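There are 2 protein chains.
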Amino acid sequence: MALLIKNALLVTMDAARRVLRGDILVEGSRFCRVGTIGRNDMLGLSKLSVIDGTGLWALPGLVQAHVHLCQTLFRNQAEDLELLDWLRRRIWPLEAAHDEESMEASARLGIAELFLGGTTTVLDMGSVRHTAVLFEVARATGLRFVGGKALMDDPGTFPGLRELTAECLAESDALAAKWDGAEEGRLRYAYAPRFALSCTDRLLREVGERVAAGARLHTHASENRSECEMVRASRGATNIHYLKQAGLCTKRSVLAHCVWPAEGEAEVLADTGTAVAHCPSSNLKLGSGIAPIPDYLGRGIRVGLGADGAPCNNRLDAFEEMRLASLIPRPRFGASAISAERVFEMATVGGAEALGLEKEIGSIEEGKQADVTLVDPRGVHALPHAPEVYGTIVHSLRAADVRHVVVAGRPVVRDGDLVGLSQEALRRRAADQWEAVRSRAGLGRGPV
Amino acid sequence: MALLIKNALLVTMDAARRVLRGDILVEGSRFCRVGTIGRNDMLGLSKLSVIDGTGLWALPGLVQAHVHLCQTLFRNQAEDLELLDWLRRRIWPLEAAHDEESMEASARLGIAELFLGGTTTVLDMGSVRHTAVLFEVARATGLRFVGGKALMDDPGTFPGLRELTAECLAESDALAAKWDGAEEGRLRYAYAPRFALSCTDRLLREVGERVAAGARLHTHASENRSECEMVRASRGATNIHYLKQAGLCTKRSVLAHCVWPAEGEAEVLADTGTAVAHCPSSNLKLGSGIAPIPDYLGRGIRVGLGADGAPCNNRLDAFEEMRLASLIPRPRFGASAISAERVFEMATVGGAEALGLEKEIGSIEEGKQADVTLVDPRGVHALPHAPEVYGTIVHSLRAADVRHVVVAGRPVVRDGDLVGLSQEALRRRAADQWEAVRSRAGLGRGPV
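These protein sequence lines are chains Y and Z, in that order.
Using this note's numbering, the letters of the first sequence map in sequence onto residues 1 to 448.
Using this note's numbering, the letters of the second sequence map in sequence onto residues 1 to 448.
Accuracy of the hints is not assured; some may be wrong.
Here are some, though not all, of the chain Z residues that point toward chain Y, as calculated from beta-carbon distances under 8 Å [said to hold, decoys possible]:
hint	residue
1	Leu116
2	Ala430
3	Ala431
Which chain Z residues stay away from chain Y? Per the calculated CB distances, all over 10 Å, these [what the hints assert, rightly or not]:
hint	residue
4	Ser46
5	Ala97
6	Ala170
7	Thr272
8	Leu284
9	Gly287
10	Glu360
11	Ala386
Hints are computed from structural coordinates only; laboratory data are not their basis.
Keep in mind it's a predicted model, so treat the numbers as computed, not measured.
For glycine and all other residues, C-beta sits at the position ideal for the given N, C-alpha and C.
Construct the complete structure from the given sequences, taking the supplied hints into account.
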């Protein structure tokens, strides 16, 4: 199977940041040629499918470095609460009420939105149960998915989700053995202790040993001031320092949020090569704060972007996160705090680096995995265009401008609609399964 | 001419905040019946046009209480600058280079975006010249438009825009005489001293006399800390107090921004009935700050929302401003700082009140002007819906979900496209006129 994308503006995000008019030839799951493609380049290719890119811009498939597909079904159902109340009163009871069917509906709804908005790769944190369902749905839909089971073993954490240390680790190991590298590397595993407060010290250290041996790590850190105070009081160290002691700050680690680094913790992130997943909408919505991203970038810390879960956003829209990543640091760091190009890097090559996938994705380059998002920049809301493409992409374009999306060479969105999936069927399934999980959780229908 | 909108969910924003499934009958420019409409209600109506609202939500046409249509053509061309540099280095030179043709292209491009995103009414500030063009375009396109010529007479202000006090007042008076109340009240005039620093004390006081006699007032205040310091140093009073001394804080006044109220100035706004136009994207993009809107609302101050100009946003999208108005106060005021219903009020009845048009627009009620925006809430990005509609509208819906828009009984958007206007023609015209105005301004094509 080969795919030709013809005559688009290619925003490559390669090392030279080339932006050129041209074509893209995909063979199997990889970019085979990028530039001007003639007939000779296509000799011997059978079954060539073509996307006409005329007038469109081809971007590297967007990377979201922190999402929770298990929560998509809870969108619009957990409003106006700060983090710990939001978890205890709504999210944890709802996660605990998931069964395989509701988990599947949640993941499918989220992936549909991600694809339609141009996101091709996510780093996902599951709930404690039904993690295999997430991998199965990622496998079936074509999403590039790095994910893992949430680990919650602290005796004080939410009873409906708490598991025994050895058992939840054993399940993680089994999931990692089965899924890490599956589908030719499109699926990967990341160990996911939920956050310091929900985990025992023993669990974190045992995960740390796995990370030292090469495993990926995905957790939350320093999202909310109350959380930071509770970690310090109960764990005897500030949050990121505490994670470092457990061996969780490494080149293979992604910490979501990092809104409130304590003294010396930005240095820890930089020195250990730990990546940050920045979630601007979520940090605002839960009243958490505004992460010091320009400071992190200045220290060379790797930063990706993420929408977090649907109930703290309430969208899974990489364009929205890019725009906010540009806007929200400015009152504190100044109007030139962060350039549009730097923001677009966070959503592409930066996100790829945060996930340790920079050799595979994040840019449109021959040999890399063929993840591409084609946007239509001609909407009246985007004109005139900026002198360089990044300003227009970050500040004016929107998810609804996405026309075609390809992951690993496979088209998942054509002409603005999902390939092979009925939105109407997704809607019905989501409505039924939301009602089912809400009912099992014993939560009412009324306002929160 | 009559129009029937059938079988929508009507989010009326009437005093009882009724949300009901039903129909809307429009005769001429006004809502004639709201609720269930039978055949008897339509007896004697000739030329009935029908919009099928099945599955859609009918919202009051959205109101933006602060925009600059004259700047739409400068979108994406004034990046990463704080207010005063942004004005001096980019916006003022470009405004000074406008001719009638570029002004018309700028207004048409902006109005197309406003309509496609569900905005039906704006309070606009023009540039110093070609104000009549803005009214002509509003008349022709069908936008509900309250606007006025920007007044800049201070000897120290930008030379290319500075005018003589008496002359610019005389021109304002002539424009007001011609346009205020035109098109059966769809067009209204607002006197628009640009901001304290660009105006002489005499000008502000003369405008104050007109406001005392019943005129509308639209200006900027306390947007940026440097601006506030310069006003205090040069005018001998803090910004809002200074405007009050000139007679500009009244029930007919709208002050855009009010990000940095000095001691006692929130009380001035409340005591005088002055309205605030909150522009969250713009306040972030120019690094200005985050306005204390929950505090203003708590004092009973009228607050509307606005996108401001395209070059400080870079969109003119009421859904984006609603979402940000909900999100950005939270790190400071808490996650329950402002409810979705309260935000939606700011974009509808609140905006109408800010503009003094609450008897005419802002809600779907019999007798009011028939301004309606029909959105499709069925996108996967919006599901499941919130228990009450406002959460979904503010946090999940987006401009691209707008399907039909009606202003004063006249459809301006049908099936997501402009009625009677070619987007391709708008695009070409905007590109040509941007190139022309840029060239006249002597600004390069490269990055800012």
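Quick rundown of the hints versus the structure:
no. : hint   : verdict
1   : Leu116 : holds (7 Å)
2   : Ala430 : holds (5 Å)
3   : Ala431 : holds (6 Å)
4   : Ser46  : holds (35 Å)
5   : Ala97  : holds (14 Å)
6   : Ala170 : holds (34 Å)
7   : Thr272 : holds (27 Å)
8   : Leu284 : violated (4 Å)
9   : Gly287 : violated (4 Å)
10  : Glu360 : holds (27 Å)
11  : Ala386 : violated (4 Å)
Of the numbered hints given earlier, the model fails hints 8, 9, 11; all others are met.
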